[in-house]
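K.L.:
Here is how the chains run, residue by residue.
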Amino acid sequence: MSLALTDTQTAVKTGKPNYARNYWAFVVPAGLVVAAVILLPWVFTLVMSVYEWKVGSDPAFVAAANYQRLFTDERFGWAVLRTLYFTAAAVFFPMVLGVAAAVTFQKNFRFRGLARTIFILPMMATPVAVGLVWTMMFHPQLGVLNYLLTSVGLPPSAWSYDAVSVIPTLVLVETWQWTPLVMLIVLGGLASLPQDPYEAAKLDGASNWQMFRHISLPLVWPHIVVALVIRTIDALKAFDTIFVISNGGPGTASETLNIFLYQTAFAYYDMGYASAVTVVFFVLILLVSLVLFSVRQRTSYQ
Amino acid sequence: MKALGKIGFALSVFALISPAILFFLWTLSLALKNEVDNMAFPPVFIPNPPTLANFAQVLEKNNFLQYAWNSVIVSFSATGLALLLGVPAGFGIAKSKASRAAALIMIARVTPGLSYLIPLFLIFQWLGLTGTLAPLVITHLVITVPIVVWVMIGFFEGLPAELEEAALVDGATIWQAFRHVALPLARPGITVATILAFIFSWNNFIFGVVLAGRETRTLPVAVYNVLTFEQVSWGPLAAAALMVTAPVLILTLIAQKEIVTGLTAGGVKGG
Chain A
1 MSLALTDTQT AVKTGKPNYA RNYWAFVVPA GLVVAAVILL PWVFTLVMSV YEWKVGSDPA
61 FVAAANYQRL FTDERFGWAV LRTLYFTAAA VFFPMVLGVA AAVTFQKNFR FRGLARTIFI
121 LPMMATPVAV GLVWTMMFHP QLGVLNYLLT SVGLPPSAWS YDAVSVIPTL VLVETWQWTP
181 LVMLIVLGGL ASLPQDPYEA AKLDGASNWQ MFRHISLPLV WPHIVVALVI RTIDALKAFD
241 TIFVISNGGP GTASETLNIF LYQTAFAYYD MGYASAVTVV FFVLILLVSL VLFSVRQRTS
301 YQ
Chain B
1 MKALGKIGFA LSVFALISPA ILFFLWTLSL ALKNEVDNMA FPPVFIPNPP TLANFAQVLE
61 KNNFLQYAWN SVIVSFSATG LALLLGVPAG FGIAKSKASR AAALIMIARV TPGLSYLIPL
121 FLIFQWLGLT GTLAPLVITH LVITVPIVVW VMIGFFEGLP AELEEAALVD GATIWQAFRH
181 VALPLARPGI TVATILAFIF SWNNFIFGVV LAGRETRTLP VAVYNVLTFE QVSWGPLAAA
241 ALMVTAPVLI LTLIAQKEIV TGLTAGGVKG G
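Protein chains in written order, with our numbering: chain A, 1 to 302; chain B, 1 to 271.
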C-alpha cells in the first residue's frame with residue numbers, strides 16, 4: 001500500500017510514474033541463489049583462511065599464520081611468478097593475433113560467415129577434449145607436431161614434456177583457444193564504426209596500414225582494452241588445459257597458482273591454507289583488473 | 001596488382017582458420033584410424049580404410065552413455081534454472097538501472113571457479129549430497145546464472161520502454177508487463193543466453209572433477225578420469241574427445257549468429 005502511495009506521489013511531482021523501486025522483486029530469486037552459491041562460499045573462505053584445517057581433523061584458529069606461511073612458501077612464490085610469466089605471454093599473443101583477425105574479418109568477402117564460425121570453434125570446443133588431443137600431438141616420439149617440425153628441417157621439441165618448453169607450449173594452446181574471443185570483441189567494435197572517415201582517407205590516398213593505424217585503432221581502442229581485461233583475467237585463472245596437458249609438471253615446472261590451489265585443497269586437503277591462497281589469488285586478480293580498468297579510464301588512444 | 005592483393009587476403013584468411021581446421025581434422029584422423037596406423041611414424045594422415053571401431057570401443061567398454069546422460073541432466077537443469085532465475089533478474093536490473101547488482105554479477109566472472117569449490121565441497125559433504133547430481137547442478141549455476149543475467153540485461157536495456165509503459169498506463173501490473181510485453185520481445189536474447197549457458201555448462205570440467213563421484217561424472221570428467229587412467233590408446237581417446245565436444249561444435253555451427261552476438265556483447269565465459 002505504502003509503495004503504491006509513494007508512486008502516486010512521485011507521479012504527481014514528475015508527471016511520469018516512477019516504477020523503479022518495484023522491480024526489486026524480479027531480482028530476489030536470482031539474488032538469493034547468487035548469495036548462496038557465490039557470496040556464502042566467499043565468506044566461508046575468508047573465515048577458513050585464519051584456521052588450520054586438514055579434512056578429518058577439527059579446525060584450529062591460527063590468526064594470520066596461513067598468510068605468513070605464504071611468504072615463506074617457495075612453491076607458492078614460484079607459482080605466482082609462473083602465473084605472471086604464463087599470463088603475460090597468454091595475453092600478448094592472443095591480443096596481437098585477435099586484433100589482426102578482427103581487421104581481416106571486418107572486410108566483406110565470400111564465405112565470411114563460415115570462415116568466422118570455423119575460427120571461433122577452438123573457443124567453443126570442450127577444453128578437456130581439446131587438451132587430450134593436443135597432448136597426443138605433443139608426444140615427442142610419435143606426435144604429429146615433431147614429425148611436421150623435422151620434415152621441414154627444424155629440430156624436434158619436447159613440448160609439454162620438458163621443464164623449459166612446457167609453459168611456451170601451454171601458451172600456444174591458450175593462444176589457439178582464446179584468440180577468437182579477442183577477435184569477436186574487437187570485431188564488435190569495428191562493426192560499429194562509421195564508414196565516412198575511411199572514405200575520406202581513401203580519397204586522400206591513405207594506405208590500408210595508415211587507415212588501420214590512424215582511424216580503426218583509435219576508435220576501437222575501448223574495445224581493445226575490454227578484450228585485454230577479459231583475456232588477462234582468463235589467463236590468470238587458466239586451469240582446464242594446463243591440468244589436462246601437463247598437470248603442473250614436469251615436476252612443478254608449469255604449476256600456476258590455480259594448479260597449486262587445486263593441489264593444496266584437493267590433493268593435500270589442507271583447506272585452511274588453500275583458503276588463504278584463494279584470498280590472495282582473488283586479490284591479485286582484482287588488482288590486475290582494477291589497474292587495467294584505470295588504464296582504460298585514463299588513456300584514450302592518441 | 002589488385003589480383004595480387006586479393007590472393008594475399010585469401011591467404012591471410014586461410015592462415016587464420018587453418019590452425020582450427022588442421023586441429024579438428026587431425027582429431028578426426030586419430031579417431032578413424034586403427035591402432036597400428038595411430039602409432040606409426042611417420043604418421044599416417046588419411047585413415048585407410050577408415051574404421052568406426054574406436055567409437056564402438058568407447059561406447060562398449062565404459063559407461064559412456066551413463067556419463068552422457070549425466071552431462072545432459074546437469075547442463076539442461078543448470079540452464080533451465082538459470083533461465084527461470086536470470087531472465088526476470090536481468091529485466092529487474094535493466095529497468096531499475098541497478099549497476100551495482102550488475103557489478104556483483106561480474107564478480108562471478110572474475111573469480112576462479114576453484115575458489116567456490118573448497119567451501120561448496122565441504123557443505124555438500126556435510127549435507128550428504130555427494131554421490132548425487134545435485135551438487136553439480138547447483139555449482140553449474142555459478143556459470144549459467146551470470147551468463148543469463150548478463151546477456152538479458154543487455155537485451156532488456158535495448159528494448160524500447162514505450163510499449164511496456166503503455167501497458168502499465170492501461171493498468172497492467174509490472175508482472176503482466178514483463179510476462180506479456182517484455183518477455184515475447186526478448187525471445188532472441190533468451191535464445192542467445194540459453195545457447196551460451198548450455199555450452200559453458202557442458203564444457204565445464206573443474207566442478208565435476210572435484211564434486212563428481214564414480215556414478216555422477218559428467219562427460220568431460222569421465223573422458224579425463226576413466227580413459228586416461230586406463231591408459232587407453234590414442235584412437236579411442238580421440239574418438240571419445242570428439243564425441244564429448246561434438247554437440248557443442250554442432251551447436252556452434254547451427255547457431256553461430258546467436259553465439260557471436262552474445263559473446264561480442266559481454267565476453268561471457270564460465271568457470
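Source of the hints: derived by calculation from the structure; they are not laboratory data.
One or more hints might be untrue.
[What the hints assert, rightly or not] Computed beta-carbon distance windows for the label pairs:
1. A40/B / D204/A: 54 to 64 Å
2. P140/A / L11/B: 47 to 57 Å
3. G205/A / F41/B: 48 to 58 Å
4. D170/B / D204/A: 19 to 29 Å
5. I254/B / L40/A: 44 to 54 Å
6. P168/A / I254/B: 34 to 44 Å
If you're wondering where the values come from, they're calculated on a predicted model, not measured in any experiment.
Using N, Cα and C, we set each Cβ at its ideal position, and we do this for glycine too.
K.L.:
If a hint holds in the structure, say so; if it doesn't, say that too.
P.N.:
So, going through the hints one by one against the coordinates:
1. Against the hinted window of 54 to 64 Å, the Cβ-Cβ separation of A40/B and D204/A comes to about 59 Å, which satisfies the hint.
2. At about 31 Å, the CB distance of P140/A to L11/B disagrees with the hint of 47 to 57 Å.
3. Checked against the hint of 48 to 58 Å, the C-beta distance between G205/A and F41/B comes to roughly 55 Å, which is consistent with it.
4. The hinted range of 19 to 29 Å is not satisfied by D170/B and D204/A, whose Cβ atoms lie roughly 56 Å apart.
5. Checked against the hint of 44 to 54 Å, the pair I254/B and L40/A fails, with Cβ atoms roughly 38 Å apart.
6. The hinted window of 34 to 44 Å between P168/A and I254/B holds, with their beta carbons roughly 36 Å apart.
Checked against the numbered hints given earlier, this structure breaks hints 2, 4, 5; the rest are met.
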